[in-house]
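J.: Going down the list, the sequences are from chains A and B. Everything in the first sequence is counted per the working numbering, starting at 1 for the first residue and increasing by one. Everything in the second sequence is counted per the working numbering, starting at 415 for the first residue and increasing by one.
By construction, these hints were calculated from the structure, which means they are not laboratory data. Since the model is a prediction, treat every value here as computed from it, not as a measurement. Every residue, glycine too, gets a C-beta built ideally from N, C-alpha and C. It cannot be assumed that every hint is accurate.
Computed from the model, here is a short list of chain B residues facing chain A with C-beta under 7 Å [unchecked claim]:
{"id": "1", "residue": "Lys461"}
{"id": "2", "residue": "Pro516"}
{"id": "3", "residue": "Arg523"}
{"id": "4", "residue": "Ser525"}
{"id": "5", "residue": "Ser659"}
{"id": "6", "residue": "Asn661"}
{"id": "7", "residue": "Leu663"}
{"id": "8", "residue": "Lys664"}
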Amino acid sequence: MRATLAALTLFLQSAITLLSAVTLLSAITLLSAVTSPASALEVSGYVEAEGSAFLQDPLYSGEVRDSGSFSAQPEFYHEFKDGSSLTFVPFARVDSADDRRSHWDIRELNYLYLADNYEVRAGIGKVFWGVTEFVHLVDIINQTDFVESINFEEKLGQPMVNLSIPGAWGVLDLFALPYFRERTFPGRKGRLRFPLVVDTDKARYESPDKERHVDFAVRYSKSIGDWDIGLSHFSGTGREPTIIMELNARGRPVVIPYYELINQTGLDLQLVAGEWVWKLEAIYRSGQGESFYSATGGFEYTFVNVLETGIDLGIVGEWIYDDRGENAVVIFDNDGVLGLRLSLNDAASTEFLAGLIQDASSSSRALRVEASRRLGSSFKASIEAWAFFDAPEEDILYSLRDDDFVKLELAYYY
Amino acid sequence: MSLFLFPLTAASETAEEKGLSIARQADIRDEGFSDYTSEMMMTLKNKHGQKSERKIRLKTLEVDNDGDKSLSIFDTPRDVKGTAFLTFTHKTGDDDQWLYLPALKRVKRISSRNKSGSFMGSEFAYEDIASQEIEKYTYKWIRDEKYKGQDCFVVEQYPVDKKNSGYTKQVAWIDKAEYRVEKVEYYDRKKSHLKTLTVDGYRKYLDKYWRPDEMYMVNHQNGKSTKLIWSDYKFKVGLKDSDFSKNSLKRAR
Numbered sequence: 001m002r003a004t005l006a007a008l009t010l011f012l013q014s015a016i017t018l019l020s021a022v023t024l025l026s027a028i029t030l031l032s033a034v035t036s037p038a039s040a041l042e043v044s045g046y047v048e049a050e051g052s053a054f055l056q057d058p059l060y061s062g063e064v065r066d067s068g069s070f071s072a073q074p075e076f077y078h079e080f081k082d083g084s085s086l087t088f089v090p091f092a093r094v095d096s097a098d099d100r101r102s103h104w105d106i107r108e109l110n111y112l113y114l115a116d117n118y119e120v121r122a123g124i125g126k127v128f129w130g131v132t133e134f135v136h137l138v139d140i141i142n143q144t145d146f147v148e149s150i151n152f153e154e155k156l157g158q159p160m161v162n163l164s165i166p167g168a169w170g171v172l173d174l175f176a177l178p179y180f181r182e183r184t185f186p187g188r189k190g191r192l193r194f195p196l197v198v199d200t201d202k203a204r205y206e207s208p209d210k211e212r213h214v215d216f217a218v219r220y221s222k223s224i225g226d227w228d229i230g231l232s233h234f235s236g237t238g239r240e241p242t243i244i245m246e247l248n249a250r251g252r253p254v255v256i257p258y259y260e261l262i263n264q265t266g267l268d269l270q271l272v273a274g275e276w277v278w279k280l281e282a283i284y285r286s287g288q289g290e291s292f293y294s295a296t297g298g299f300e301y302t303f304v305n306v307l308e309t310g311i312d313l314g315i316v317g318e319w320i321y322d323d324r325g326e327n328a329v330v331i332f333d334n335d336g337v338l339g340l341r342l343s344l345n346d347a348a349s350t351e352f353l354a355g356l357i358q359d360a361s362s363s364s365r366a367l368r369v370e371a372s373r374r375l376g377s378s379f380k381a382s383i384e385a386w387a388f389f390d391a392p393e394e395d396i397l398y399s400l401r402d403d404d405f406v407k408l409e410l411a412y413y414y
Numbered sequence: 415m416s417l418f419l420f421p422l423t424a425a426s427e428t429a430e431e432k433g434l435s436i437a438r439q440a441d442i443r444d445e446g447f448s449d450y451t452s453e454m455m456m457t458l459k460n461k462h463g464q465k466s467e468r469k470i471r472l473k474t475l476e477v478d479n480d481g482d483k484s485l486s487i488f489d490t491p492r493d494v495k496g497t498a499f500l501t502f503t504h505k506t507g508d509d510d511q512w513l514y515l516p517a518l519k520r521v522k523r524i525s526s527r528n529k530s531g532s533f534m535g536s537e538f539a540y541e542d543i544a545s546q547e548i549e550k551y552t553y554k555w556i557r558d559e560k561y562k563g564q565d566c567f568v569v570e571q572y573p574v575d576k577k578n579s580g581y582t583k584q585v586a587w588i589d590k591a592e593y594r595v596e597k598v599e600y601y602d603r604k605k606s607h608l609k610t611l612t613v614d615g616y617r618k619y620l621d622k623y624w625r626p627d628e629m630y631m632v633n634h635q636n637g638k639s640t641k642l643i644w645s646d647y648k649f650k651v652g653l654k655d656s657d658f659s660k661n662s663l664k665r666a667r
């Protein structure tokens, strides 16, 4: 109860900061409207207050029980007469508990050049590949911003030059990725971590060029009737580090991320068949230990307008298999996911998503619940909760066994 | 050939044939627009009078021998800004539909099988918003009637895809002079009157194509309504197939 109160206080403090920011933003918007009525610069974005409350006491020394946090992500966009455009999306977060989570990033800063037969995007950008709901295997261009969320969907901006050539035969995308981004990990005071803090300052690379190694990627995609097909290949420093545990010079155990040079070939397939959507993602990776393959796939079935209430109910079933099995440090080696998606289709766009992840070879389970709705025309409230059950000691989720949490977010969009 | 397709003597025509020929005539009169863009302000109102707005921009491309292609981009509410739908309508079978989620930069293929779902929380279902292809209905002329001072045909249309449509029938008032839809009554699966659409403020573009300024949908069963205010129609702006691709969906603003 005390913890919940603390979280609520932190959340309220963040909310007050949010409101001050909203006032400031309104003033800026008003001012810019007055000073430059004909400006072609489009400004939008959001500011967000967040509070996280954990159900159990921290397991590891240094961890702060609950946290409040504040983030902002403005977006500046300018379109030129020929359709080419400039996009700039900075991001920053201030976190009450974890100084590693207090961080900033340039999510996007790129120039898009549109020619008749091709387009080029150069700068820092974000690219998503894939079709499945819960685990994203094929998606490899951007590094995961793991301190943001444990769902692997928040990404760091990736420096790139992307040439995209569309044709009747499909779309060919070529990428040169001149700079590598390290995965972010929680610090000593942050929760949702291993017993030992990952020492990101000591990150190691297989490539002697370290983060300056130039990676390349190519993707071909096409829609044929009810099928959407994607084939991709990545060659360069892998985004998923191998976690090395060793003793440092003073004989203390340390955890260090090691980024190998890998080759990864990916396939993503999607078939729409009436109310059914069938999905498959598969990868083959070499260069990180023994070569292996991994796949995830399943279905989504939607009951539209259930009992004429206007509500849509979707059922998602997905399976994840990783060839490395129990020996590797992967969260999902052989797991099933059952998901439920509810869209109320109301004016506030109320949505609800729940997923239960069950390990096939042990009792380990994780439950993830998300819900959101708009408040008025500019605010959006979201709630996210995770619970971890019965992970055996050798399971990676064992580290999170006492990290069940509820996260509340209130965002203002402008 | 055309002499056989359009019988000269109306007397030999059945009510079904007359209904179909009215739909054909309306379709022919709108042929050749090739492409257009427009803006739409959608206002949802619940039974307590609370309002909620969405601003949407639309691009439409006419496709020979198939349904239109369309791209709709959301400007507001702000939290869904940049969200976009790409739809390839087909004369027969399901439409192809993709959704773009800007926060994740993700293009998602979505099922278009069930047409009765609400479009963005409004009283318009996907099947009301989608390109109205002749082949999607069968028709029956009922009577002629004056509506708002204009001579109109009253035509019933029945969805071909009975299983996935939310309607058993639609009753449309189409004016005889210009073949514009003035009013539509929608009957649900229980055959009771569900919604009424009224269309106002028609204007003629490029001296041929009629488009309305306002569409108003009232749901009689839940007391909610949705008003669409259309503006900035621009015809023949030179849109191409490549403006209706997954690449264009990703950069839609």
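J.: Taking the hints in turn, state whether each one holds.
T.: These are the hints, each one checked on the structure:
Nearest Cβ of chain A to the Cβ of Lys461/B: about 12 Å, over the 7 Å cut. The hint is violated. The beta carbon of Pro516/B comes no nearer than 9 Å to any beta carbon in chain A, farther than 7 Å, and the hint placing it at the interface is violated. For Arg523/B, the interface hint holds, the least distance from its beta-carbon to any beta-carbon of chain A being 5 Å, beneath 7 Å. Because the beta carbon of Ser525/B sits about 5 Å from the nearest beta carbon in chain A, less than 7 Å, this interface hint is met.
Because the closest C-beta pair between Ser659/B and chain A is about 6 Å apart, less than 7 Å, the hint holds. About 5 Å separates the beta-carbon of Asn661/B from the nearest beta-carbon of chain A, less than 7 Å, and the hint is met. A cut of 7 Å between beta carbons decides the hint on Leu663/B: the least distance to chain A is about 11 Å, and the hint is violated. The interface hint given for Lys664/B is broken, as the beta carbon of that residue sits about 9 Å from the closest beta carbon of chain A, more than 7 Å.
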